[in-house]
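Trainee: Given the sequences, and given the hints that come with them, work out the whole structure.
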Amino acid sequence: MELQIEVTLRDGTKYRTRKYKSELSAKRGIFKWLEQHQHLPDISASYFSPELRQHQSFDHPEQLQMAQPQANVDFYQSSAWRKLRLQVLQTREHRCAICNRTQAEHNIAVEVDHIKPRSKYPELALALDNLQILCLDCNRGKADDEY
Numbered sequence: 029m030e031l032q033i034e035v036t037l038r039d040g041t042k043y044r045t046r047k048y049k050s051e052l053s054a055k056r057g058i059f060k061w062l063e064q065h066q067h068l069p070d071i072s073a074s075y076f077s078p079e080l081r082q083h084q085s086f087d088h089p090e091q092l093q094m095a096q097p098q099a100n101v102d103f104y105q106s107s108a109w110r111k112l113r114l115q116v117l118q119t120r121e122h123r124c125a126i127c128n129r130t131q132a133e134h135n136i137a138v139e140v141d142h143i144k145p146r147s148k149y150p151e152l153a154l155a156l157d158n159l160q161i162l163c164l165d166c167n168r169g170k171a172d173d174e175y
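Sequential numbering from 29 applies to the sequence shown in this note's numbering.
It is worth saying that the hints were derived from the structure and are not from the lab.
Hints should not be assumed to be uniformly reliable.
[Stated by the list, open to error] Calculated lysine-lysine pairs in the DSS-like style (CA-CA distance at most 27 Å, straight line):
#, residue 1, residue 2
1, 170, 60
2, 148, 170
3, 42, 144
4, 42, 170
5, 170, 111
[Said to hold, decoys possible] Taking CB as the label site, the calculated pair distances span:
#, residue 1, residue 2, range
6, 116, 49, 18 to 26 Å
7, 70, 115, 47 to 55 Å
8, 42, 122, 26 to 34 Å
9, 137, 38, 42 to 50 Å
10, 52, 134, 36 to 44 Å
Note that beta-carbon positions come from the ideal geometry of N, C-alpha and C, so glycine has one too.
Mentor: Laid out in structure tokens, this is it:
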């Protein structure tokens, strides 16, 4: 069964829940929500941490600075991503994993793509086995919920 983190968001006396696929994505979601609602007088967000095996509660975005979402541009400019991308391009055939066209035979542009999207699986952003080669057309047509 896939891990799900259920977060409870409280605004005064109103409660709502959101589900996340990882603890890091839950923390990022909480950070965003707290930041958007910090002008309100009585807010909090909480969840049970399977990793720590205890309840986590937050009432200000500063408590989650380490989980602050980074802009996509920063990630793709990072040396870690550039090195990993180069490794994939140097060690794998330049063949699209979806349409099977090759750079050499079909004169297409290829890109390194995350199989499980970074938006939903940030912990896999630099995982070599989560990367594939796609042609530009297939990569642009692929939605984040497809993999």
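Trainee: It remains to establish, for every hint, whether it holds in the given structure.
Mentor: Hint-by-hint comparison with the structure:
This hinted pair checks out: residue 170 and residue 60 have alpha carbons roughly 26 Å apart, not beyond 27 Å. Pair hint residue 148 plus residue 170 holds up; C-alpha atoms about 15 Å apart against a cutoff of 27 Å. Distance hint between residue 42 and residue 144 is unfulfilled; the C-alpha atoms sit about 33 Å from each other, more than 27 Å. For the suggested pair residue 42 and residue 170, the alpha carbons sit about 37 Å apart, so the restraint of at most 27 Å is broken.
Straight-line distance between C-alpha atoms of residue 170 and residue 111 comes to about 24 Å, which keeps the hinted pair within the 27 Å bound. Checking the proposed 18 to 26 Å range against residue 116 and residue 49 shows it holds: the Cβ atoms sit about 24 Å from each other. Taking the beta carbon of each, residue 70 and residue 115 are about 49 Å apart, inside 47 to 55 Å as hinted. A hinted range of 26 to 34 Å is violated for the C-beta pair residue 42 and residue 122, which are about 52 Å apart.
Evaluation of the 42 to 50 Å hint for residue 137 and residue 38 yields a pass: the beta carbon distance comes to about 48 Å. At roughly 38 Å, the beta carbons of residue 52 and residue 134 sit within the given window of 36 to 44 Å.
Of the numbered hints listed earlier, those contradicted by the structure are 3, 4 and 8.
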